[in-house]
Amino acid sequence: MKRQSWDNPSDTSLTRVDGAAKVSGGATYSAEYAIPELVHAVLVTSTIAKGSITAIEAHEAEAAPGVLAVISHLNVMTVPGWPAKKQPAERAQVGTALRVFYDPLIYFDGQPVAMVVAGTHEQAVHAASLVCVTYRKESHQTDFEKNAGKAAVPLNVQRSGNSPFKDYERGDAAALRQAEVKIEAEYIIPTQHHQPLEPHAIIAVWEADDKLTVYDKNQGVKSVQGQLAQAFKLPRENVQVVARYVGGAFGSGIRVWPHTLAAVIAAKQVKRPVKLVLGRDQMFTSVGYRPYTVQKIGLGASADGRLTGIVHEGTGQTSMYEEHLERTVLASRALYACPSVLTRYRLLPLDVNTPTWMRGPGDATGMFALESAMDELAFALKMDPLDFRLKNYAESDPERNLPWSAKSLRECYELGAEKFGWKNRMQAPRSVRQNGMLVGYGMASSLYGFHRHPSKARAVMQADGSVVVQSATMDIGPGTGTAMTRIAAKVLGLNAKKIRFELGHSALPDAPGQNGSSTIPSVGSAVHDACEALKNRLAALAGDMEARFRSGGQAVVRNGQLFASEGDKDGLSYADILKHHHLNELEVTGESKQGAERDQYSMYSFGCHFVEVQVGELTGEVRVTRVVTCADVGTIINYKTARSQSIGGVVGGIGMALMEESVMDHRFGRYVTSDFASYHIPVHADVPPIEVYYIDKPDMLADPIGSKGLGEIAIVGVAGAIANAVFNATGKRIRHLPITPDKLI
Amino acid sequence: MKPFQYLRPKTVQEAISMATDNPGAQYIAGGTNLVDLMKRGIASPPKLIDINHLPLKKIEHRYDRLRIGALALNSDVARHKGVVARQPLLAQALLAGASGQLRNMATVGGNLLQRTRCSYFYDLALPCNKRQPGSGCGAEGGVNRTHAIFFAGNGFGGYEASSCIAVHPSDMCVALTALETNVVVNGPEGERRVMMKDFHRLSTQQPELDTYLRPGELLTAIEVVDNAFAKHSHYLKVRDRASYAFALVSVAAALQMDGGRIWDARMALGGVAHKPWRYWAIDLMLRGQAPSEKLFQEVAEHEMQSAEATAQNAFKIKLTTNAMVAALKTAAGIS
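Order-wise, the sequence lines are chains A and B. The first sequence maps to residues 461 to 1205 in the working numbering. The second sequence maps to residues 5 to 339 in the working numbering.
Think of the hints as simulated: they come from the structure by calculation, not from any bench. No residue lacks a Cβ here, since even glycine has one placed at the ideal position from N, Cα and C. It cannot be assumed that every hint is accurate.
To be clear about the criterion: a stretch of chain A counts as covered by chain B if any three or more of its residues have a C-beta under 8 Å from a C-beta of chain B, and this derived list gives those stretches [stated by the list, open to error]: (1) 583 to 590; (2) 1079 to 1092; (3) 1134 to 1148.
Use the sequences and the hints to build the structure in full.
Right, dumping it as structure tokens:
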């Protein structure tokens, strides 16, 4: 299956096609469209965690300079797609997305309760400060630890016969108890927020009474289009969603959140285009987060290091009105060859807003626990942590009893270990000191499930032989346009400069949102197939011109020319083919989706991380000083942008491990870390040299380009590797993230 | 942000008159703190007096002291040759604070007057005695991992533990406190000099007040008198990330050493009290002694006897002890 790499070494990589626009201010983000007649909205949010609004005093705000409207549940339009309001209001059933300004009920602190629309942003901010909301408070529950006893099997699981989140058991449940060597421990990750640097923003424009355009920060224009069409009972095509550039999202833009609806409602009510940009503090309660999760893991092994039992239980927090489920315990079923595995997943509803998927959702959480536990057991076994993992290497998927479509995790381990110099690591903690700091080395595995969704792409060749490729896919940062350009260039034998890829607009051919590392497998395959189809059309047209092209299926492409066979020296240029047939352009649309291979093979991306940390013995400060990350994600389409994505994942993992923590004062049910001074993400000084390696072996069972997607797996396991390195440095096992100095002194 | 009037005086005297004539008006220099406070509705001065163009930027050495204008930028002070050579502790502390971009805007005067970063102070929906006297201290029974462990001290008296447990956020001021800097202040009643120890307040009955400045007064300069600490001083800042974070604990340690013994010692601590915390007895404890880890440990533990933890910051007592030991070791040149 090994074939020539698409893209290695790195100097053949494409530079980000929109890089220059992004760094020079040429890229227009959602809040930056210059729309005539634009007015500005600011949200007023609740200051209680549970109860109801008893009054909204808005006269002063309405009288403030420039104010057009103060919108709340008292005067909001009827949203046609929503059920009629109940009088008196009743608390929402579990499974209902929060409907903004729907009724006076408060479900969480920070919930939008009113919105001020004014001529300028400053006027709207000032007027928002004048809106006085009074509440009837009810006692709230936001403290996970205090309410842990209320965790339950998710309703979603209770209602569905075949949920992956059901309790799972294989082998002998007693195996763990009888294990020769075992460990049991509890691991906690706190609430963590995506906090992309670009805040969520929308400009809503009603072009006509029944025609809506939104410039909205999100991760899926088609999904936003569908949901807005549904809410406002419009034909899909009457709603257009534009998101050509997105300044980071990490999952916060997968769903359509209340503020998006609020802006659309406001634009309808004031009959003007409305811009709404969330404040940094509002970002903590408006667009989801990685949920506070408590996990218990038990691992047992024979004295010679064979896993005999895994028990993995996880409970994540959710809101009172929705369930958010994630893959927290699922990796434990598939990653290692272990005969007996038991997993349980529970949810704890609290008076908070609903969590959502955040980079490596569930897996990053679960693998912190599993990979920490593996390190603990390796230590108890007196085994090298990498040897321990190799000894329990799963040659086929132990959960589904299926062969892997492809798995090069062993090669990842070997390459990563060699580049890192793992063999020099001392097993005993506190063995190495440098410059007065304790030095430690840790590693962890990673895996992430393969996701491929039906996707379309259109390829249009112009008379000059250049090509425009289009799909309603997204770029939240990985460099989608660059990767797609590279795929098109490869298939069509064209210089990348002759290709333009268009994305981020709902009028383009259907594509899934950018999530679950599915863009390259889904959209990349569609682009591949569309370009293959275009190539075949060109070959057929060439066959009409010259007999040598009629052999069928032999044609090859190079430098914008078609050749009859590999050895053919005279090519026909694309421009000449179109010219000969009097064609101004040549258009094909390809659709690509998964076949039956999904049921015959188990498909995952794999990887591992090796980490060096230095810990101040007196100060407890942890600095990550080196990272080697290695991934097996099939074909690497464009090394340069892939590498950036891996680096970003590691940086996210450093934040997750060492500093990110949203802290709530449970007396008020309110976050007290709602700015970047108190919610820490890594700064440059926290980011060490990060070496990135890929196995770069295509998985042709997964999709026609052999590529499995990289975004999520880049972060999965990083926190575990760091915690393991901290243990090796200090002898202290920190099971409650983040690993801050107070936990180490 | 509430609408405000912008004033631009031509001289120091005019600035002082404007401030005196307009109660509630505030001076603005770099604005790196005040603008944030205004955006959040924590400060809403009806008038802003922009002093940026006043001639208060000069850094010079005259007679026995380094005089630094109140409008000198943090970044300019940190890399000024005279400062680096004569008062390296000050340069180190400045560079430990904020980010490069902020240091390029923030002034010495603004740094002295910056307000606490306590989350309760910053959130209008939560109680805070400093922001709204009498509303209660949100942090006291709430999230107080980063809050104070030292409260009363040195005859100030009148302390009420519950009035405010916030900490002063500055790094520069910790170094200035150890260096016994004078703050030069000009006001309606003329110029006066205030010692650092008397500049900021502990949290007494009036936590809304951070300093002992009088109405209308304008900071014009700081003065650091020459000393013999340059060879043996160290600013250690312990924080939750490598840069751009406020101190969990910081230590400004300055020693004068000769013949393997300590002949003078000063220390101030940051992140532990409502103002930079001066460790007064350290000179007495170290004078004439040969430096050793054991000695430093004893000295550190001695000061921590008067520390008092809140629910979530007991770790600070050990962390501060450790940080004092580490800073003293570095300052003394022993590993």
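field: Unsatisfied constraints (hint numbers, rising)
entry: none
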